[in-house]
Amino acid sequence: MAEERPGDAHIPICTKIPVIDLGKSQKFETIKQLLLAGQEFGFFQVINHGISENVTTQTMSTFEEFFNNITDEDKVNVASRKGWMFTGSEEEVKNGVHLWRDNIKHPHPLHKCMQSWPDKPASYREVVGRYVAEIRKLSLTILELIGQGLGIESGYFDEQSQVQLLSANNYPPCPDPSLTLGIPKHLDPSLITIIYQGNVSGLQVLVDGKWMCVEAVPNAFVVNIGNQLEVINHGISENVATQALSTFEEFFNNITDEDKVNVASRKGWMFTGSEEEVKNGVHLWRDNIKHPCHPLHKCMQSWPDKPASYRKVVGRYVAEIRKLSLTILELIGQGLGIESGYFDEQSQVQLLSANNYPPCPDPSLTLGILKHLDPSLITIIYQGNVSGLQVLVDGKWMCVEAVPNAFVVNIGNQLEMISNGMLRSVMHRAVTNSKEARTSIALFVNPTPNSIVEPAKVLLNESNPPLYKSILYKDFINASKAFGAHTDAIQNDV
7 MAEERPGDAH IPICTKIPVI DLGKSQKFET IKQLLLAGQE FGFFQVINHG
57 ISENVTTQTM STFEEFFNNI TDEDKVNVAS RKGWMFTGSE EEVKNGVHLW
107 RDNIKHPHPL HKCMQSWPDK PASYREVVGR YVAEIRKLSL TILELIGQGL
157 GIESGYFDEQ SQVQLLSANN YPPCPDPSLT LGIPKHLDPS LITIIYQGNV
207 SGLQVLVDGK WMCVEAVPNA FVVNIGNQLE VINHGISENV ATQALSTFEE
257 FFNNITDEDK VNVASRKGWM FTGSEEEVKN GVHLWRDNIK HPCHPLHKCM
307 QSWPDKPASY RKVVGRYVAE IRKLSLTILE LIGQGLGIES GYFDEQSQVQ
357 LLSANNYPPC PDPSLTLGIL KHLDPSLITI IYQGNVSGLQ VLVDGKWMCV
407 EAVPNAFVVN IGNQLEMISN GMLRSVMHRA VTNSKEARTS IALFVNPTPN
457 SIVEPAKVLL NESNPPLYKS ILYKDFINAS KAFGAHTDAI QNDV
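Under the working numbering, read the sequence shown as residues 7 to 500, first letter to last.
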């Protein structure tokens, strides 16, 4: 795959990438610059960010010392360190291209993870810990400014940024740079990425179809807009989503007992109502309809025909969501380093589940949906304007705000397995309220029953062994005792 190698072509410095001064007193102007940079490039650099140059230079020196002195024994010990990994130039090959770098990754939060970090050099934990704390403050500041510019309320990104992963790279001098890469082309599956280059350039971005160098500006940070921040601007017309939501509201408000009886004769769809649905002794206060929706032309004829617009409106919504889901999966694949098209065969089944939650006299006694993990690849949820979705964060239930014309993207168990645990499925549930009805639409993207689900082989090596066993998707579902299967049962003992 020679086309993946950089070759001998001269790559110019990109002068278009904005350098934004965060120290300016004109906050409105800074917000405007951040939004413009995000829309036009997805990349920008920030200066006067409040992080001391001493912090960055000490951190850079610490990593240089780490990479220059790591031994083979240290590399072998990586596997016993929970939550961090090391790869070296001699072992890292992707898509047939040798990657000329050493890399270490480890997670946060600080108080939980620091004790598992490297202890050589002796200053590693102190210096890197200080750097990480400063970068977290900077990232939250940038996200808050972006949120203000988008019209999102203060603090919205706090719950969206609970996980941080540090990745430090060392690129030794290479005898023939035309034949190798440091990192292959990719998109980051993060919310944002904060990069410190030091004084040596090597980062390149694709601008108008051409690779351009990002200049190493002294004591500046490169900020990269990740895939998760892009989902707000997803390209689906608000009219498509609101019409679908209105159609489901009309469906739920007018369904008759006769319609419910007829459900059993409709191949591939089912209806449950609040008066009949009890799970684990908890009454579920919702009406729900499920039906398959891919391929569309085969499934649509068995869908409800009341209201008259149901098939047309929901069909259009499903088609748009399928495009969005495949786009997101492709971007995640690029971010993981998985080849293009990998998820095409893993996303041949789509199931739509629409929920209607009537006002509940006493929400403290019921739930809309029990806590669960999705057994899907990904799930795309449209909440409309009424919140009710909750996620479990550090042992506490947190509400997911209903952002206008935004979709919630949930990582399912299958994507957790394929990413070998790099992406995690999150426990979630739905609650009710006593004041207003709520309707939501979830679309699950799944493998076919006979698909083999396993960690992507390109992600595996000696220091990153498979955490999950290979399994047929139907066997995974059958082994699950409840909706929202856990992956614990099929984890390897590593």
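Careful: at least some of the hints might be erroneous.
To be verified - Straight line, CA to CA, 35 Å or less: simulated DSBU-like cross-link-like pairs of lysine-lysine:
1) Lys38 to Lys22
2) Lys318 to Lys463
3) Lys329 to Lys22
4) Lys377 to Lys216
5) Lys81 to Lys33
6) Lys216 to Lys329
7) Lys126 to Lys143
8) Lys480 to Lys266
Think of the hints as simulated: they come from the structure by calculation, not from any bench.
Subject >> 35 Å Cα cutoff - pair Lys329, Lys22 >> reply: It holds: about 31 Å lies between the C-alpha atoms, which stays within 35 Å.
**OP:** Take the C-alpha atoms of Lys318 and Lys463, compute the straight-line distance between them, and say whether it is at most 35 Å.
**Re:** violated, 41 Å
**OP:** Take the C-alpha atoms of Lys38 and Lys22, compute the straight-line distance between them, and say whether it is at most 35 Å.
**Re:** Distance of about 16 Å is within 35 Å: holds.
Original post:
Keeping to a limit of 35 Å between CA atoms, is the pair of Lys216 and Lys329 held or broken?
Top reply: holds, 26 Å
**OP:** Could you grab the alpha-carbon distance between Lys377 and Lys216 and see if it respects the 35 Å cut-off?
**Re:** Roughly 47 Å separates the two Cα atoms, so the pair is violated.
**OP:** Measure nothing beyond the straight line between the CA atoms of Lys126 and Lys143; if it is 35 Å or shorter, mark the hint as holding.
**Re:** holds, 26 Å
Original post:
Straight-line Cα separation of Lys81 and Lys33 no greater than 35 Å?
Top reply: violated, 46 Å
Original post:
For the pair supplied as a hint, Lys480 and Lys266, is the alpha-carbon distance within the 35 Å limit?
Top reply: holds, 28 Å
Violated hints, in rising order: 2, 4, 5; the structure is consistent with all others.
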